[in-house]
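Since the structure of chain A is already known, use the hints to place chain B on it.
Read off the chains here:
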Amino acid sequence: MLDLLPEETLREVVDLLVRLVEAAGATVIFVGAAAAFVRFLLVAARRSGANGFIAVRLFLGRFLALGLEFQLAGDVLRTAISPSFTQIGQLAAIAAIRTALNFFLSREIEREGRTVAEAAPRPVPGAGGG
Amino acid sequence: MPAVDEAVRTAAVLAVVMGLVAALAALLRGGGPGGAMAVLLDFLVAAGLLRLSLAQTWTAIAVAALTIVIRKVVVAALSLRTPPPAPRLTCLTRRAPEA
Chain A
6 MLDLLPEETL REVVDLLVRL VEAAGATVIF VGAAAAFVRF LLVAARRSGA NGFIAVRLFL
66 GRFLALGLEF QLAGDVLRTA ISPSFTQIGQ LAAIAAIRTA LNFFLSREIE REGRTVAEAA
126 PRPVPGAGGG
Chain B
1275 MPAVDEAVRT AAVLAVVMGL VAALAALLRG GGPGGAMAVL LDFLVAAGLL RLSLAQTWTA
1335 IAVAALTIVI RKVVVAALSL RTPPPAPRLT CLTRRAPEA
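Chains as they are written, first to last, in my numbering: chain A, 6 to 135; chain B, 1275 to 1373.
Rather than coming from a laboratory, the hints here were simulated on the basis of the structure. Virtual Cβ for every residue (Gly too), placed ideally from N, Cα, C. What you were told as hints is all true, and nothing was included just to trick you.
Incomplete in silico selection of chain B near chain A, CB under 8 Å:
| hint | residue |
| --- | --- |
| 1 | Val-1282 |
| 2 | Ala-1299 |
| 3 | Ala-1300 |
| 4 | Gly-1304 |
| 5 | Ala-1312 |
| 6 | Val-1313 |
| 7 | Phe-1317 |
| 8 | Leu-1326 |
| 9 | Ser-1327 |
| 10 | Trp-1332 |
| 11 | Ala-1339 |
For reference, chain A alone in the conformation it holds in the complex:
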């Protein structure tokens, strides 16, 4: 029988894709942390108060959620090549942790986004029109 896509080749290709996607997730998380660090320092230098810090935490939370999405994509890809029950179990545990964390992060982003929006000054009605 003609073997168009040997299992070993599939395993190597998926493994490479998993590595790429997970590296992208880790990069997003680290870049987000570094950018948030710079913004924290700027907020501290300007003395913007507690709301400034909440806004930057919101910014960091969005990057963490995006990085988690990449890592979850890597987990889904990995299910294609996990041969043993132990590997599948570990994958399920990691995916569960990431999914739960993503859920709580999204809730936190939503809540703190509302806090920042409430604290922001509201535009005066009729002032923006031409």
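Showing chain B alone in chain A's frame:
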């Protein structure tokens, strides 16, 4: 790939250091102790997520999961203790016109 693993480990350590500095800045510049702790825990969660991508054994997964859960619980407890912003009562405290 040991080089990639080493880079991720270094990134996790850097995230912890950045968290410590940012929390100190928040504490000194009006963020309050609760705000500073929340900032630190957010950076520590980022470091935990980076480490979780290296976890290959059950022990490593359990340790990473427990660390993240503890940090999230502390953040949740801090946000519960923080009182909501007081409503603006400017319209209710308008002075009566003087006679």
